Structures are given as structure tokens and as C-alpha cells.
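Those protein sequences? They're chains P and V, same order as listed. Numbering of the first sequence is given in our numbering, commencing with residue 1 and proceeding in unit increments. Numbering of the second sequence is given in our numbering, commencing with residue 1 and proceeding in unit increments.
Quick caveat, the hints were computed from the structure, so don't treat them as lab data. Worth double-checking, as some hints may not be accurate.
Said to hold, decoys possible - Lysine-lysine pairs mimicking DSS-like chemistry, simulated, CA-CA at most 27 Å apart: (1) V:LYS228 to P:LYS228; (2) P:LYS328 to V:LYS228; (3) P:LYS37 to V:LYS331; (4) P:LYS228 to P:LYS81; (5) P:LYS37 to V:LYS333; (6) V:LYS251 to P:LYS317; (7) V:LYS228 to V:LYS54; (8) V:LYS331 to P:LYS228; (9) P:LYS316 to V:LYS37; (10) V:LYS333 to P:LYS316.
Quantities reported herein were computed from a predicted structural model and do not represent experimental measurements.
There are 2 protein chains.
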Amino acid sequence: MLPDHQFLRIPGPSPIPPSVQRAMNQPMIGHRDQETKHLLHSIQPALKPIFGTKQNVLIMSGSGTASLESAVVNAVHPGDKVLVIVTGAFGDRFVQICAEYQIAINRHDVEWGEAVEPGAIKDYLKNHPGIKAVFATFCETSTGVLNPIQELGQIIRQHSDALFIVDGVSCVGGVEVKMDAWAIDILISGSQKALMLPPGLTFAAVSERAWKVIEKNDRPSFYLDLTKYRDQLENDTTPFTPAVSLLFGLKQMLELIEQEGLEEAFARHRQMMNMTRSAFRSLGIPLLTSDKAASPTTTAIRPDDFDPDILRNVLKKEFNLTVAGGQKHLKSKIFRIGHMGYCSPADILQTISIIEVALRKIGKQVELGSGTRAAQEILLSGGS
Amino acid sequence: MLPDHQFLRIPGPSPIPPSVQRAMNQPMIGHRDQETKHLLHSIQPALKPIFGTKQNVLIMSGSGTASLESAVVNAVHPGDKVLVIVTGAFGDRFVQICAEYQIAINRHDVEWGEAVEPGAIKDYLKNHPGIKAVFATFCETSTGVLNPIQELGQIIRQHSDALFIVDGVSCVGGVEVKMDAWAIDILISGSQKALMLPPGLTFAAVSERAWKVIEKNDRPSFYLDLTKYRDQLENDTTPFTPAVSLLFGLKQMLELIEQEGLEEAFARHRQMMNMTRSAFRSLGIPLLTSDKAASPTTTAIRPDDFDPDILRNVLKKEFNLTVAGGQKHLKSKIFRIGHMGYCSPADILQTISIIEVALRKIGKQVELGSGTRAAQEILLSGGS
Chain P
1 MLPDHQFLRI PGPSPIPPSV QRAMNQPMIG HRDQETKHLL HSIQPALKPI FGTKQNVLIM
61 SGSGTASLES AVVNAVHPGD KVLVIVTGAF GDRFVQICAE YQIAINRHDV EWGEAVEPGA
121 IKDYLKNHPG IKAVFATFCE TSTGVLNPIQ ELGQIIRQHS DALFIVDGVS CVGGVEVKMD
181 AWAIDILISG SQKALMLPPG LTFAAVSERA WKVIEKNDRP SFYLDLTKYR DQLENDTTPF
241 TPAVSLLFGL KQMLELIEQE GLEEAFARHR QMMNMTRSAF RSLGIPLLTS DKAASPTTTA
301 IRPDDFDPDI LRNVLKKEFN LTVAGGQKHL KSKIFRIGHM GYCSPADILQ TISIIEVALR
361 KIGKQVELGS GTRAAQEILL SGGS
Chain V
1 MLPDHQFLRI PGPSPIPPSV QRAMNQPMIG HRDQETKHLL HSIQPALKPI FGTKQNVLIM
61 SGSGTASLES AVVNAVHPGD KVLVIVTGAF GDRFVQICAE YQIAINRHDV EWGEAVEPGA
121 IKDYLKNHPG IKAVFATFCE TSTGVLNPIQ ELGQIIRQHS DALFIVDGVS CVGGVEVKMD
181 AWAIDILISG SQKALMLPPG LTFAAVSERA WKVIEKNDRP SFYLDLTKYR DQLENDTTPF
241 TPAVSLLFGL KQMLELIEQE GLEEAFARHR QMMNMTRSAF RSLGIPLLTS DKAASPTTTA
301 IRPDDFDPDI LRNVLKKEFN LTVAGGQKHL KSKIFRIGHM GYCSPADILQ TISIIEVALR
361 KIGKQVELGS GTRAAQEILL SGGS
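Same shape as in the complex, but just chain P (with noise of 0.2 Å):
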């Protein structure tokens, strides 16, 4: 095997493109000085239009989970009863959170693989006044999910004065979102998914109506504390030492976004979607989800006559190339393929050829191309 060749198709972390390797690479600055001043007021005008949203992005050094847990401490009060959907494994990660704080919870579970029924939602919370938050997971990284956020945003803003809290880590940058349109209160996101960024930054925007409720908080908290960081930001600066190298990074990532357009990366990603659920259609292989619940970064394969870990272990071990296998109950019952950020329909193409002659060396007798042609076809005809 080709030494120093791989190929990573998780949902994230996700590729780096090799120019923002090279920003990361400038010499370390000072966290104070004015070039990194400089630098945090040119990355806000960039970040903004993919939050889709007019507030600061607010960037903190850490996992996506720091941000998950600073929305919880930050927005919800001591005693507050929140409503939590559950589609997946980050849903239920923003349970224990709100479990560690004593707050109320009502969780809203959903079958693994399946989207949020926005009218369930609104019945809840007809039925539910006083329901202070509601969280909710926009791409379930655990099944390939794209939940309904814009209805839900719609519903939850018409039937309560809920705060809607969202989870977008692994789809931030790679589908539309606007945060502002679609009433999201608070809009998380991580720098290793769709944002072309190794782990290590995460980000937050926060609503007007949000910040009344934070404002209002006295929950104790002190690097999670969002308004320092706003603070800090409106004099672009950060409250504590941030991650510069990454902050390199992302300063270039922002230009590879605008070189490309942002509604040209949804349309990419859409169509990496499509490519990808095509040719495990044609060649046979049941997918977890639905097309209209299918994440366009993500799509998880749940096969009915092969082990999805053994081919995994094929795939690693013969070509190098890396995809995820399933979380908690579905564990070596599916596999999922991440599209997100640097990676390309053309990348598609080589992850389906692979997978077919791994296929085959595990026994499953597929017919070899069938596949690829088949994610060829959609890229043919532009479907996205």
C-alpha cells in the first residue's frame, strides 16, 4: 500500500485543505497584539453569512461540547424546564448536560435514523406552557440526520417563548441555516466538521432575545461565560488565550468559503448527498435514513447480509481509508460515511469505487461499478 496516503470519510474530524494547513504554519503572534486584533475583526464579516446571522460569532478555544455546555449554563436557569429532542447521540448529549444542572427536563425521543415531526412539537408545547428552552440537534451526527430546524425555529417562536438552542456542529458551513430568519436563540458550531478546520475552536451565536435571558442568569460559570466573551469580541479580543494557530486557519477557510460561494458548498454537499445514497441504492445496500431526513454531510448504511465493521476493517486496513461505524444501539449495525468540507464529488466517486472492491473481499457480491455509476449519473446531471 501506498505509504502516506489515506483517506478520511468520518463525520469529522474532517480533511484539512492544504492552504489552510500553510495559514496555520505562520509564526506564532502574540494573543494580544494588534495582529491578532486585526485578525479577529476580519473573520467576523466571513462567519456571519454562514451563521446566517447578523450577531458576532462568538469563538471559544475547546470541543464543540464546551459551546453545548455554555449554551446550558448561560441560557437556562437553575429549576427551568426545558424540552430536549432526541434524535441520536448529541441529542442525548445535551440531555446529560441539563441533567448536570438541575434542570427540568422533558425529553423528546425519536426512533434512531429519523427526523423530528415539527407537529409533535407544536403539540408538546400547546400542551407544555412554560417550557423555558428547547434544544435540538440540526445534522445528527450518530445517524445521518438533517432535522427540521427552519419549522421547528417557526413552530417553537409561534407556540411558546422558549429559547431555541441548537446543535449544529457537524452541518454548520456545509447546509443553509439562518439563524436570524428561522428564530434560532443560540446557533453552536465546531471547527472540525463542514469548517475545513482541525478540532480546537467553537462558536456561538447568540440571539438579542438570548442575551436578555443570559444577562439575567447568575448561574455560576467563568471560561464558559458567554457574555465575556461578546465583551471581549466587540474589541476584537478574547477573554482568555485563544487557539491562534487555528484562528490562522480559520481566517483561510473563510477565503475558500467566499472563493467558492457559500451556496455552491450547500449545493456540493447536497450533492455529495445524493451521490452517495444513489450508489448504495443501486448497488442494493438499505440506507438508515429517509431522503427527506438524510443529512447533506453525513450518511450512515445500515446493510442487511454483511457485518458493516468488517468491511470497515477492509477499508482501514487494505486502502486506508476511514469511515465510522455505528454509536450506542447501533453499533456494528451500520457504517457512515462523512462528506463534509474538503472533501468533493469527485472524492465521492473514489469512496464508492473503494467500497465496491471491498464489497467484493468480503464476499458480498456486488456487481463491481454499479455503484459508481450511479454517483456519476447524479453528477452528470448536476442533482443537488
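Place chain V on chain P using the hints.
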């Protein structure tokens, strides 16, 4: 001025070695893959001696403050009485964090520029039984003071049952520390100082005694919950997606420390301190701290006949040499030179000789070369 040529001599972030930069350029890998497990596994044996401990060194993604806060939320129960030794801005940060968390704070203030007197802490502990934790800053970045942590550890263990919690962010890797032998219970550090990495990783090593306290603490925390990091590290993984590119760098940084030798690295830092101090003495420009209180990683200079910020401006504009100013009430009264991490005695000669030129440019009549000569003499004598 030669473009793309800069000198970063602040007390962190510090410059990045080329081989560490190259290491961070590796293609991204999955954070749950074997590669990451091997990486985390291989890091521990080399990291522990730097902290002087047999404990695992927990690795979090975030700023140093995240680890400082983790020590507070994990190891101090609500209502506990603590003693915070404040010798500058970072001692004060411990006070701010404790103040968020309903902790009964006793602060022991020391004049900025001086180290704490261990005898005073002994007396305090004798007269104030029931102190549950003592917080101290090892190197106080804001003044260039190195506090006598070894003696403090002895005194605290002898005269109390308090946990000893030490902020070693700006010196671990540059000065000797024996966490286990010195009776330190939690030792914190950060990636961007003597450890030669970009900011974005922070470290916490925890004693058996401290784990016993932590396990009984039910204060809410999720991202900063140290038991999560401990438990996952036993399986060579992390509870949340780590800053993978910085882990690549960390591994290479540890190789560099092994190549040099830890004792040799400590000696180099002492030598750089002695060279810097001798140079300013010879130039007749006062130092902020006494020899006894001086840190091997940072030197603060307190000029009595020129504005340090004017000097800093000339250094930045004409040489692209960055040194730090003063913080809080020492603003515009001192400047600080960082000599830590990827910085050699030869770099100190260059720094001093540039500063001599800049001093003449701002009208300070120093004898050119006299500071450099004093530093050279230290270097020739091998004095560390």
C-alpha cells in the same frame, strides 16, 4: 525591514519549533481511531516527568483558564474555605474563579514583583484551621516572579489538610517541578509557554488525595469534569474531540525535550534568565524582582527614566520584536521579556543587542554592547 522576520519575546504564546510545525501538518485523523489512541498512549510516559508525577497528565482542549476553573469546580465544594495566594494578575484570576462559585475566599496578597514568604503561609494556616485548598501561582506571568512552590508544598502538608493547587501555566517545562515529591495536589499547565506549542491545549495532573475529594464533589460540571478525562485516558482516549493537530505537535515537542534532556532545558532557562538580568543590570536599568524571586521564564524590567511602552513601540516598529507591557497597576511601568520554550541563549544575545539599539533611539544613553557583553559573560561562564 526584512519582511516575514519577527521575534516573539513575550511570556507566551512562545515561538513554535519548525519540527513541531511540521508535525502539526500531518493529515487529520479520526479522534476515535487507533492512530489517536497510539498517540495519546505514547504521550503520557514523556509528559509525566515534566510534571514530576507518576499520575497521568490529563489533556483538555482550551485555554489555561479552563484548567484553572476545572481545579476549582472539581476539587472545592460549595462553601469550602480556601486560601488564595495572590502575587499578580494570575493569582487574582484564581480569586475571580472562586468568587463565581460561592467559595469562602481568604486572599493573601503579596506586593506585585515579590514572591510569597512561606513563613507567612505557615502562620496563616496555623491560625486558620479548616482551609480546604491553597491556590498558588508558580510563575506569576504578570511580574516574572517564581514562587517557592516546593517550600509551600511542605508547609501546607505539615500544617493543614488543604489540597495544594498550583497554576504552572507559564513555567512547567522550563523549571523543575516535582509534583509528587513536593506535595502538589493539582498542577495545571498550558501548551503555549515553555511547552513550545500553539495555545489550545491545557493540562492537569491530579494527586490521589485530590481524586478522593473530587469523587465526593457533586458540583455540576460537564466539559471541565476531570473524572471524565481520567476515565477516558485510561483507555487512551478523551471524553470530547481533542485538538488533534496540537496533539501531533505535543508528541514532537516531547521528542525535542527528550533530545535536549529535561535538566538541560531547565539549565537553559536559568541561563537565559541570568543573561537577561545581568544585561539590564549592566545597562543600569532596574529589574522588577529580586534574584531570589526571579523566574527562569520571564523577566520584568522597571525603568526609572523612560516610558517602557515607547521602547516597546520602537522594538515592534523597527525590528518586529515583540515584548510585553505591564498589566493592571504596572501598566506603562514595566516591560516583560519572555525567555521560554523555543528560545536559546543566542536568541537572548540578539534580543539584548536589539534593545540596546532601540534604547539609544528613544534617547536613553546606554553604552552600546555593554548589556550584550554582560550576557555573553554569563554564557561563557556557563552560569545557570
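(message) Checking one constraint from the list: CA of LYS228 (chain V) to CA of LYS228 (chain P), max 27 Å. Satisfied?
(response) holds (26 Å)
(message) So if I understand the rule, the pair passes when the alpha-carbon distance is 27 Å or less; does LYS333 (chain V) with LYS316 (chain P) pass?
(response) violated (59 Å)
(request) Could you grab the alpha-carbon distance between LYS331 (chain V) and LYS228 (chain P) and see if it respects the 27 Å cut-off? (result) Cα-Cα ~22 Å, so holds.
(request) Below or equal to 27 Å on CA atoms is what counts here, so check LYS251 (chain V) against LYS317 (chain P). (result) Holds: LYS251 (chain V) and LYS317 (chain P) sit about 24 Å apart, inside 27 Å.
(message) Against the 27 Å threshold, does the CA-CA distance of LYS37 (chain P) and LYS331 (chain V) hold or violate the hint?
(response) Holds, at roughly 19 Å.
(message) Does LYS54 (chain V) sit within 27 Å of LYS228 (chain V), going by the straight-line distance between their CA atoms?
(response) holds (19 Å)
(message) Does LYS81 (chain P) sit within 27 Å of LYS228 (chain P), going by the straight-line distance between their CA atoms?
(response) holds (26 Å)
(request) Assess, step by step, whether the Cα of LYS37 (chain P) is no farther than 27 Å from the Cα of LYS333 (chain V), and give holds or violated. (result) holds (23 Å)
(message) Against the 27 Å threshold, does the CA-CA distance of LYS328 (chain P) and LYS228 (chain V) hold or violate the hint?
(response) holds (18 Å)
(message) Between the alpha carbons of LYS316 (chain P) and LYS37 (chain V), is the straight-line distance 27 Å or under?
(response) holds (15 Å)
Hint 10 from the earlier list is the only one contradicted by this structure; the remaining hints agree with it.
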